[in-house]
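Protein chains in written order, with the working numbering: chain V, 1 to 163; chain B, 164 to 276.
Rather than coming from a laboratory, the hints here were simulated on the basis of the structure. Glycine included, C-beta positions come from ideal geometry on N, C-alpha and C. Take these hints with a grain of salt, some might be off.
[Stated by the list, open to error] For each label pair, taking beta carbons as the anchor points, the in silico distance ranges come out as:
id: 1; chain 1: B; residue 1: D178; chain 2: V; residue 2: G7; range: 19 to 27 Å
id: 2; chain 1: V; residue 1: R155; chain 2: B; residue 2: S176; range: 17 to 25 Å
id: 3; chain 1: V; residue 1: E111; chain 2: B; residue 2: L218; range: 45 to 53 Å
id: 4; chain 1: V; residue 1: P51; chain 2: B; residue 2: S176; range: 20 to 28 Å
id: 5; chain 1: V; residue 1: S50; chain 2: B; residue 2: P186; range: 37 to 45 Å
id: 6; chain 1: V; residue 1: D11; chain 2: B; residue 2: K195; range: 17 to 25 Å
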Amino acid sequence: MKVDFAGVLKDNQSMVFSLALRFVRDRAGAEELAQDVFLQFYQQLEKIESPAHATWWLRRTVCHRSIDEVRKRKIRPRLGLDSVPEPADRSTPPDLMLLGRIRQMVDALPEKARMVVTLRYQEDLDPTEIADVLGMPISTVKSHLHRSLTLLRARLQKEEVCS
Amino acid sequence: MKEFDDLMRSALSRDEESLKPPPDFAAKVLAKTVGLRKTKVIAMPLWRKPAAWALAAGLSIAAIVPPSAMEYQRRREARALEAKRELFIALKLTRVKLQQTRQRIQRTTRHTL
Numbered sequence: 001m002k003v004d005f006a007g008v009l010k011d012n013q014s015m016v017f018s019l020a021l022r023f024v025r026d027r028a029g030a031e032e033l034a035q036d037v038f039l040q041f042y043q044q045l046e047k048i049e050s051p052a053h054a055t056w057w058l059r060r061t062v063c064h065r066s067i068d069e070v071r072k073r074k075i076r077p078r079l080g081l082d083s084v085p086e087p088a089d090r091s092t093p094p095d096l097m098l099l100g101r102i103r104q105m106v107d108a109l110p111e112k113a114r115m116v117v118t119l120r121y122q123e124d125l126d127p128t129e130i131a132d133v134l135g136m137p138i139s140t141v142k143s144h145l146h147r148s149l150t151l152l153r154a155r156l157q158k159e160e161v162c163s
Numbered sequence: 164m165k166e167f168d169d170l171m172r173s174a175l176s177r178d179e180e181s182l183k184p185p186p187d188f189a190a191k192v193l194a195k196t197v198g199l200r201k202t203k204v205i206a207m208p209l210w211r212k213p214a215a216w217a218l219a220a221g222l223s224i225a226a227i228v229p230p231s232a233m234e235y236q237r238r239r240e241a242r243a244l245e246a247k248r249e250l251f252i253a254l255k256l257t258r259v260k261l262q263q264t265r266q267r268i269q270r271t272t273r274h275t276l
């Protein structure tokens, strides 16, 4: 066996679970999906060459499974208590509110664009790596990124002007 | 641009508490893999194994086919004996008829001469 399953699980559980949760948006669903991904990985363990290969495999699988899951549900993803925004609190620092608002805007993006943005800023992947993980041309990744960021910036500016 | 990128990184940071998996996540996955290995290697139900199916089919054939084959053979032999007996009777009758015909021809020939 070239990689230790328990070690891979420990190192990657946070990445797999957080990507699933960003998409599925309820903890129970995300946990189920993340567990499935690791079990699928376990069955492919013989084919995994190194810990880096394991991370790449898990990231790729959880991305595709999450997109599929959201599409399968068709309706808006189930909302858990965690996703309900906290009531406005005057003592909350404004940057935290802004960060929360950005997360909501990212959540409203179409699935693929949302995954590209998440992989870029949560996982800190560059466009080439994102193209590899999602199996799409690099030009498409760049286009998703550019359009999404332009949209997010414009919305934020609009909200600032309105407030 | 750099500022906006930093803002995005902060907003989508994985360090956020709510994005962390439950404390027993790894333990649950490990427990399921143990079950998976058992299911795969040891606990395969007998009825799902092709060898079991082949064995069952073989036993069925052994249990059902020989008696019916023996019965078929017995009937064939009985039919053959009956046919043999009928053939002997037919040959006997033919011999008698031929003898009678020959005698009649001889008698007729004598009278005409």
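Supplied distance hint 17 to 25 Å, evaluated on CB atoms of D11(V) and K195(B): holds, 18 Å
Hint check for L218(B) and E111(V) - Cβ pair distance inside 45 to 53 Å: holds, 51 Å
Outcome for the supplied range 37 to 45 Å, where the beta carbon pair is S50(V) and P186(B): violated, 28 Å
Verdict for R155(V), S176(B) (Cβ pair) under range 17 to 25 Å: holds, 20 Å
Consistency of beta-carbon spacing, S176(B) to P51(V), with hint 20 to 28 Å: With Cβ atoms ~23 Å apart, the hint holds.
Status of the given 19 to 27 Å range, CB of G7(V) versus CB of D178(B): holds, 21 Å
Hint check: a violation occurs at hint 5 only; the rest are consistent with the structure.
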